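Protein sequences appear in the order of chains A and B. Letter 236 of the first sequence, counting from 1, is numbered 236 in my numbering, and no numbers are missing. Letter 13 of the second sequence, counting from 1, is numbered 13 in my numbering, and no numbers are missing.
Hints are supplied without guarantee of correctness; some may be wrong.
[Stated by the list, open to error] List time: in silico DSS-like cross-link candidates among lysine-lysine, alpha-carbon distance up to 30 Å:
| id | chain 1 | residue 1 | chain 2 | residue 2 |
| --- | --- | --- | --- | --- |
| 1 | B | Lys14 | A | Lys364 |
| 2 | B | Lys295 | B | Lys90 |
| 3 | B | Lys295 | A | Lys252 |
| 4 | B | Lys17 | A | Lys176 |
| 5 | A | Lys62 | A | Lys36 |
| 6 | A | Lys143 | B | Lys295 |
| 7 | B | Lys16 | A | Lys336 |
| 8 | A | Lys364 | B | Lys284 |
| 9 | B | Lys295 | A | Lys336 |
| 10 | B | Lys284 | A | Lys397 |
| 11 | A | Lys354 | B | Lys17 |
| 12 | B | Lys17 | A | Lys336 |
[As the list claims (entries may be wrong)] Pulled from the structure, derived: some chain A residues nowhere near chain B, Cβ distances all over 10 Å:
| id | residue |
| --- | --- |
| 13 | Pro85 |
| 14 | Val177 |
| 15 | Leu228 |
Hints are computed from structural coordinates only; laboratory data are not their basis. Small disclaimer: the values here were computed from a predicted structure and weren't measured. The C-beta atom is built at its ideal place from N, Cα and C for all residues, glycine as well.
Spelled out from the first residue to the last, the chains are:
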Amino acid sequence: MDKRRRHRILMVSDFFYPNFGGVENHIYYLSQCLLKLGHKVVVVTHAYGKRSGVRYMTGGLKVYYVPWRPFIMQNTLPTFYLTLPILRNIIVREKITVVHGHQAFSTLCHEALMHARTMGYKVVFTDHSLYGFADVGSIHMNKVLQFTLADVDQAICVSHTSKENTVLRSGILPEKVFVIPNAVDTAMFTPAPNRLSCDEIVIVVISRLVYRKGADLLVEVIPEVCRLFSNVRFIVGGDGPKRVRLEEMREKYSLQDRVDMLGAVPHAQVRSVLISGHIFLNSSLTEAFCIAILEAASCGLLTVSTRVGGVPEVLPDDMIVLAEPAPGDMVWAIRKAIFMLPSIDPHVMHLHMKSLYSWHDVAKRTEIVYDRALQSSEKNLLQRLPRYLKCGAWAGKLFCLVMIVNFLLLRLLALWQPVESIEEVPDMLSVQHQDEVMEHDFS
Amino acid sequence: MMKGAADRISHHPKWKKVAYGGMQQGYDDNYTDESFLEAMVMNANVVKRDLFKVMQDSVSISQYLCIVTLVISVWIHTLGSVIDETSLLKLDVGLLALGFSVLLLTTSQLSQQLLSRYLLNISFFISGLYILAPVYHTLTRSISSDSIYALTVSLLVVHLFLHDYSGSTIRPPGALNNPTLASNISLNASIVASVLVASRLPSRHHVFAIMFFSLQIFLFAPLITFCIKKYSFKLHMWFSFALMIMTLSVVFQLHRMLFVLLLGLLVFVSVVCPYWLIRMQEYKFEINGPWDEAKLCFDITE
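Chain A with its partners taken away, still in its complex shape:
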C-alpha cells in the first residue's frame, strides 16, 4: 500500500529568487527536492521590481510574486490584516495542506503563518539566523517570534546552536523543534580537475564586507599572515561598506601584488573563484549555519573559520580548522591549515562531502516534519487562545485580540467571497509521476 502522503506545501518568505542568499537558496533547493519526491510546492513572496505575478520555475515550481513593494531591508510593509484576502485566495486555490514560513526577519512569513492558523491549516516555521536578546531590535523581534511560535505545529532550525537560541527566544517546547541543516549542491561545486601546486598558497575569502562578517578581523589578519609566510596570496571577493578599510590596509602594507580584490562576485562565478585557492577563510562574528563553508569544502578547499554560533557543527575536524575571533588565534589557525595542506586531497574531500550533505536528505527529513505536523489535532479558536495568553501579561492579551479580529475578518471574507467561488487549480503531475500513477492503477 502506498503509505506516502502527498503534501501540498506553501513556502512563504520575503526572501526568494531573484535575490541570492542563504534563505533564498534553501527555499529553492528544498522546493525542487520536494517536487522530486512527489509533493506539490508553491512559493509566495513579494514582487521584485518589475517581476510581479505568477511565474513558473524549473520542475513546475509555481511562484506567486504578490505585488507589494518591499519597504525596508527586503521586507514588505507589516499591515496585519491586508494580506489576508490574497493569502486565503492562494491557499484555497492551490488546495494547500501545509504552510511553511522561512526566516524570523520576514514580515510576510509572520503574517502568512498567522492567517494560516486562523484558517485552520497546519503550519511549520524554519528559523535561519541567530539573534541576541539585549538590544531594542532583538527584543521586538523576539516578541513577534513568540507570537508566531505560540501556535505553530512544528519548527525547524538549521543547527543545534540555532535550536537553543530559538527555544530561548520564543519559549517554544524543545520537542517541537527539529534540527535539519542546510545542504550544498555538490554537483555544482566540484573541485578543479587538476590539483593546484603547493608552491604558492592561495587563501580565498568570499563574503559581504560588513562588520557582522568580520571584515575588521580580515584587516588585522591579512598583513600578519603575509608577513609570516612569504608564499601566501589572498583573493578577496565581495563588496560592502568595509571594502574601503581593506583597500587602505592594502595600500598601507603595500600588498597590491599579494591581495586581489575582486569586488562583488556573481553567484554563478563563485565556484571558479573557489577552485583557484587552497584554503577558504571565514571570519564572521556570528553564523547560525555557514553555507559558504560547505561550498568551499565541496570544492576541495580546507576551511579556516571563527568558532562562532553553529560553525563547529558544520564540518568534521579533518576538513576545518577553528579559531577564536581574535587576530592572533586566526593567524595560528592559518599556520596549522598551511601545514595540513599537503595531506588534503580535494577530490577525496568532495566525495566525502557528497556523503555528508545532500538536499534530498534534507527534503526527506522535512517530509517527516510535515507528516508530524499533519498529525497534530485540530483546535478551534477558543482552544487556541490560551496559548497566546502565555506570551506575557500585556502582550498575551494583545495577541489574543489580534487573533480574534483576524478570525472575524476571515468570517467576513468568507461571506463576501465564499470558498466555493474560488476556482481551484487542477493538479499537473510531472511525467515521472504520471507513469507511477498509471502503474498503480493497473496493479
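Assemble chain B onto chain A, guided by the hints.
Below, chain B without anything else, positioned relative to chain A:
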C-alpha cells in the same frame, strides 16, 4: 524492557552535536539531549547592588536638582524685581571667586598655565556676554510671556532628564570619559532656557547679570561638584546636605506648594527610587551563550 534498552545502546552510536551526516541513527531530528542549553550562562555581568550605596549615589542627583531649583528661584526673584542688578552682579562675582577657590583647593593637577588659560577663557566669556546682552534683551519681545515660560519649563525638564549626573560635560582635568550626545543636548537646553528667561528682563544690565549667573551655574557647577566628589566623599555629602537645606528654606519663603513638591521629589529620588531599583534587580535575566555575536577584542581605528 531492559533488553530493549541494552539493544538500543549497543546498536546505536552516541548522539553527537553535529549537523553533518544526515539523520543520526536511532535519534529523531527533534531529539533533545541532556546537554541542551548546557553552555548557557545567566546573569554573568550583573552587579549586585547594596541599598545604602545606591542611596549615597543618588545624592548627586538630589544635589543637582537643588542647584537648578536655586537658579529658578533667583530667576523668579529677578523677574519679580526683588533682586536688582547690582546685587546680582555681586552674587555673580562671589560665585565665580568661590568656584575658582574650590577648584584650586581640590585639584592637584592645576598648573599655572592651565589657570591662566581658564582666566583668559572666563574674561572672553564675560566680554562676549556683555557685548551680546542688547541682542538677548530684545530677542523675544514679540512673543507672549506664557509661551516663553512654557518653553522654559519644558527645556528645563529636558535638561534634567538628559543631564549626565555622574560626570561633567566640560571636561575637568583628569577626567576619562568623553561627553555623550545626551549631555550636550541637556547643556544646550539649559543655555537656551537661560536666554529665554533673560530676554524678559527690563534692562540690559539685568540681562547681562542674569545670563552671567545662569551660564556660570549651568556650565561650571557640574565641574565644581565633580571636583569636590573626587577630592573627598565626606565633603561631597556635607556640601550636598547644606545645599539641600538652603534650597528648601529659600523655596519655603517663595511658595508653599513648590516647597512640598520639592520635598516630595527629593524624598522620591533619595529613598523610593533606590529601593525600587533593588527590588527590580530580581527580574534581571541576562542570557549569554555560544549564539552570541563575537565581540572584537581590539579597537577599530578608522
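For each hint, the structure was consulted:
Of the pairs offered as hints, the one joining lysine 14 (chain B) and lysine 364 (chain A) holds, with about 23 Å between alpha carbons and a cut-off of 30 Å not exceeded. The straight-line distance between the Cα atoms of lysine 295 (chain B) and lysine 90 (chain B) is roughly 55 Å, outside the 30 Å bound, and the hint therefore fails. Between lysine 295 (chain B) and lysine 252 (chain A), the direct Cα distance comes to roughly 25 Å. Compliance with the 30 Å bound is thereby established for this hinted pair. Annotation: proposed proximity of lysine 17 (chain B) to lysine 176 (chain A) holds, straight-line Cα distance about 18 Å (limit 30 Å).
Restraint check for lysine 62 (chain A) and lysine 36 (chain A): satisfied, since their Cα atoms lie roughly 14 Å apart, inside the 30 Å limit. For the hint pairing lysine 143 (chain A) with lysine 295 (chain B), the CA-to-CA distance comes to about 25 Å; that is within 30 Å, so the pair holds. With a CA separation close to 25 Å, the supplied pair lysine 16 (chain B) and lysine 336 (chain A) stays within the 30 Å bound. Between lysine 364 (chain A) and lysine 284 (chain B) the CA atoms are separated by roughly 42 Å; this puts the pair beyond 30 Å, and the hint is violated.
With a CA separation close to 24 Å, the supplied pair lysine 295 (chain B) and lysine 336 (chain A) stays within the 30 Å bound. For the hint pairing lysine 284 (chain B) with lysine 397 (chain A), the CA-to-CA distance comes to about 23 Å; that is within 30 Å, so the pair holds. For the given pair, lysine 354 (chain A) sits about 20 Å from lysine 17 (chain B) by alpha-carbon distance, which is consistent with the 30 Å threshold. A C-alpha spacing of about 24 Å is found between lysine 17 (chain B) and lysine 336 (chain A), which places the hinted pair at or below 30 Å, so the restraint holds.
With 10 Å as the threshold on Cβ separation, the claim that proline 85 (chain A) sits away from chain B holds: the shortest Cβ distance comes to roughly 35 Å. Chain B draws valine 177 (chain A) into its interface by the beta-carbon criterion, the shortest separation being 6 Å against a cut-off of 10 Å. Annotated as non-interface, leucine 228 (chain A) keeps its C-beta farther than 10 Å from every C-beta of chain B; the closest such distance is 18 Å.
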